[in-house]
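S.K.: Modelling step: build the complete structure from the supplied sequences, incorporating the hints.
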Amino acid sequence: MIRVEGLGRSFGAIRAIDGVGFEARDGRITGLLGPNGAGKSTTLRVLYTVLRPDAGSASVDGIDVIRDPLAARRTIGVLPHSAGIYPQLTARENIAYFGALHGLSGEPLARRVDELISELDITDCATRRAKGFSQGQRIKVALARALVHRPQNLLLDEPSNGLDVMATRALRALILALKAAGHCVLFSSHVMQEVAKLCDDIVIIDHGRVVAAGTPEQLLAQFRAPTLEDAFVAAIGDARGLE
Amino acid sequence: MRPVAVIVMLKELRESLRDRRTLLTSLVLGPVFAPLFFILILKLTLARSVTAQDEATPVTVANAAFAPNLVQQLRENGLTVTLRDGTEQQIRAWISDTDGLVVLRIPGNFGERFAAGQPAPVVIYADGSDSRAERRSARVYQAIAGYSRLIGSLRLQARGVSPTIMHAVVVDTVDVSTPSARATLLLGMLSYVILLVTLLGGLYLAIDATAGERERGSLEALLTVPAAREQLIYGKVAAAAVMMILALALVTTSITVALRYVPLETFGMTANFGPGVAARVFLVTLPFALIGAGLLTVVASFTRSYKEAQSWLGVVMLVPTVPIAIASVLSVQPTAKLMLVPSLSQHLVIQGLMRGEPLAAAWVLLSIASSLLLGGLLGWLAGRLYRREAILG
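One line per chain: the protein sequences are A and B, in this order. Each residue of the first sequence is one higher than the last, beginning at 1 in my numbering. Each residue of the second sequence is one higher than the last, beginning at 1 in my numbering.
These are calculated hints, taken from the structure and not from any lab test. Everything numeric in this text was worked out from a predicted model, so none of it was measured. Glycine included, every Cβ here is placed at the ideal spot set by N, Cα and C. Careful: at least some of the hints might be erroneous.
Stated by the list, open to error - Residues of chain B clear of chain A, computed beta-carbon distances all greater than 10 Å: (1) 91; (2) 280; (3) 351.
Unchecked claim - Taking beta-carbon pairs under 10 Å as the criterion, some of the chain B residues facing chain A (in silico): (4) 2; (5) 11; (6) 16; (7) 19; (8) 220; (9) 226; (10) 228; (11) 232.
To be verified - So the derived label-pair ranges between C-beta atoms look like this: (12) 308(B) with 118(A): 49 to 55 Å; (13) 166(A) with 308(B): 33 to 39 Å; (14) 318(B) with 173(A): 31 to 37 Å; (15) 134(A) with 365(B): 31 to 37 Å; (16) 67(A) with 380(B): 22 to 28 Å; (17) 191(A) with 325(B): 58 to 64 Å; (18) 318(B) with 54(A): 18 to 24 Å; (19) 315(B) with 181(A): 50 to 56 Å.
M.R.: Here is the structure:
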């Protein structure tokens, strides 16, 4: 459960986000949709505690991310925008490193890593060094790394970036499985089709503000649009459209 | 559960030790090539000074018939005399054809002037830009000057004058340097090599763990683990320090082994670098590794990319040379105050150990304590830097 209210943050003269507010509930997939530079990443970065907001509040499972970032980090799994992994470590070691940093060790850690390797279907590269991994393999390792401490909430920043069709499908299946297991999944994207396929709730952001929010059906009704794409274009108020 | 800093340190070390290129530049290149290079210089210097003394000096004498006694004197002085007659033009041609050739030409009026007790001329031809010819011509000159003094003395004696009248002042030089102290300059280089190789040991890890982590895009994920950011960076500083300590151990060992194969005594030096001295050098340089790790990590934390970090750290690597260079130029003596200057204090302590004149224990402790303090301070600063949001770049 993620709750955001009136969140604001400036970088110099640029107001990256200005009063963003929404709710992402457990057992549902919430999509942060918006054109490039709309403030999606900044919002997520505040949520996963690497940026401090200058206005508003945000909480994860009732924990204030600004006042108690360490406790908040225990309940979230993060796939940042640039999900780099360590090239000299194997897939298994990459995952185990984060498990250890989350306080796991010994037998439970090894078991959890095994579990993730089979769940994410990366057995073939588990003991290989990550140097030559494909983008799809890298994202999977980064996802396993984010899931290693069994977080209730997942924050994914454009997870399908650079993935081919098969890898995208696998990712989609994984996100749906997490939803089915009762997790709260919040992900950002600028790809309409992806959001339409997956999301139970959509939050459309532009120029650092939430311009529309609701289920796909609600958005279609609100903008009297035949498709989500039309609703999106109507919501952001110009014909900038999607890349 | 292990402390976060330890987990991070072990992971950084594992990564560095796996990367062949990092391993090569950090732990192999420095410790292997530094002493080899040093020994090469020593051997070359040694070879030159030995040949300069013992080498037979060949000299070609043109028109030897005009001065048979002089030629005999040259032979008695150990010069290898070749006789070959020719004009001045021919002599110049010979020299341009043959490297290192020295030609002595005796003019036709030599015998006449010599017999009359007048200064008799001879001419030495040599290429002044050829260092071998230069050295040989100096020996020929010395031999002729000796002959000239001998004849002069004999002439004075023949006229009833004591030859000592020619020597108004007699100069005697006394060399008071001890064999070890004479080696100071060369061994001063050695302590610098030790410090530099130590720094080099942690250079790549420091870059990789900071600028590299950011460039690869793994920093943001790392910052979302439930640990204080300074714990993460302490682990990285510690890993860089461990690499530096490894490099230090390797380089002191390799120098100890290498110096056995250099006949330092020929130089008038004592090779005061046995295992005992090496162990002490290692121990007094340990705190320097902490300073190096802190310094490189702090500087690398400011940079935006791997490349930028590399170029900055290239400059930073020179920082420890500055106090050593200034101290060498001014030939400063160790004082308690200087023991507070990192790199210089290690240099002075190592020098003392190698000269067989170890510094007072209190000074050594001062060097260790002040370096540890500065190293700790730099580590703390790195922690502060990682608390800032700007670290995300």
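S.K.: Kindly confirm whether 33 to 39 Å is satisfied by the beta carbon distance between residue 166(A) and residue 308(B).
M.R.: With Cβ atoms ~38 Å apart, the hint holds.
S.K.: Is the hint on residue 2(B) kept, meaning its closest Cβ partner in chain A is under 10 Å away?
M.R.: Holds. Min distance 7 Å.
S.K.: The hint says 18 to 24 Å between residue 318(B) and residue 54(A); measuring C-beta to C-beta, is that right?
M.R.: violated (41 Å)
S.K.: Holds or violated: is there a CB of chain A closer than 10 Å to the CB of residue 232(B)?
M.R.: Check passed: Cβ of residue 232(B) comes within 8 Å of chain A, closer than 10 Å.
S.K.: Hint check: is the beta carbon of residue 16(B) less than 10 Å from a beta carbon of chain A?
M.R.: Holds, because the Cβ-Cβ distance from residue 16(B) to chain A comes to roughly 8 Å (cut-off 10 Å).
S.K.: Can we keep the residue 220(B) interface hint, with Cβ of chain A closer than 10 Å?
M.R.: holds (4 Å)
S.K.: Taking 49 to 55 Å as the hint, is the beta-carbon distance of residue 308(B) and residue 118(A) inside that range?
M.R.: Cβ of residue 308(B) to Cβ of residue 118(A): about 41 Å, so the range 49 to 55 Å is violated.
S.K.: Would you check whether the claim that residue 91(B) is not at the interface survives, using Cβ distances to chain A and the 10 Å cut-off?
M.R.: holds (69 Å)
S.K.: Hey, does the residue 11(B) contact hint survive, CB to chain A under 10 Å?
M.R.: holds (5 Å)
S.K.: At the C-beta level, are residue 191(A) and residue 325(B) separated by a distance inside 58 to 64 Å?
M.R.: holds (59 Å)
S.K.: Is the Cβ of residue 280(B) farther than 10 Å from every Cβ of chain A?
M.R.: The claim stands: residue 280(B) keeps its Cβ more than 10 Å from every Cβ of chain A (closest is about 35 Å).
S.K.: Verify the CB-CB distance for residue 318(B) and residue 173(A) against the hinted window 31 to 37 Å.
M.R.: For residue 173(A) against residue 318(B), whose Cβ atoms are near 55 Å apart, the range 31 to 37 Å is violated.
In the structure shown, a violation is registered for the earlier hints numbered 12, 14, 15, 18, in ascending order.
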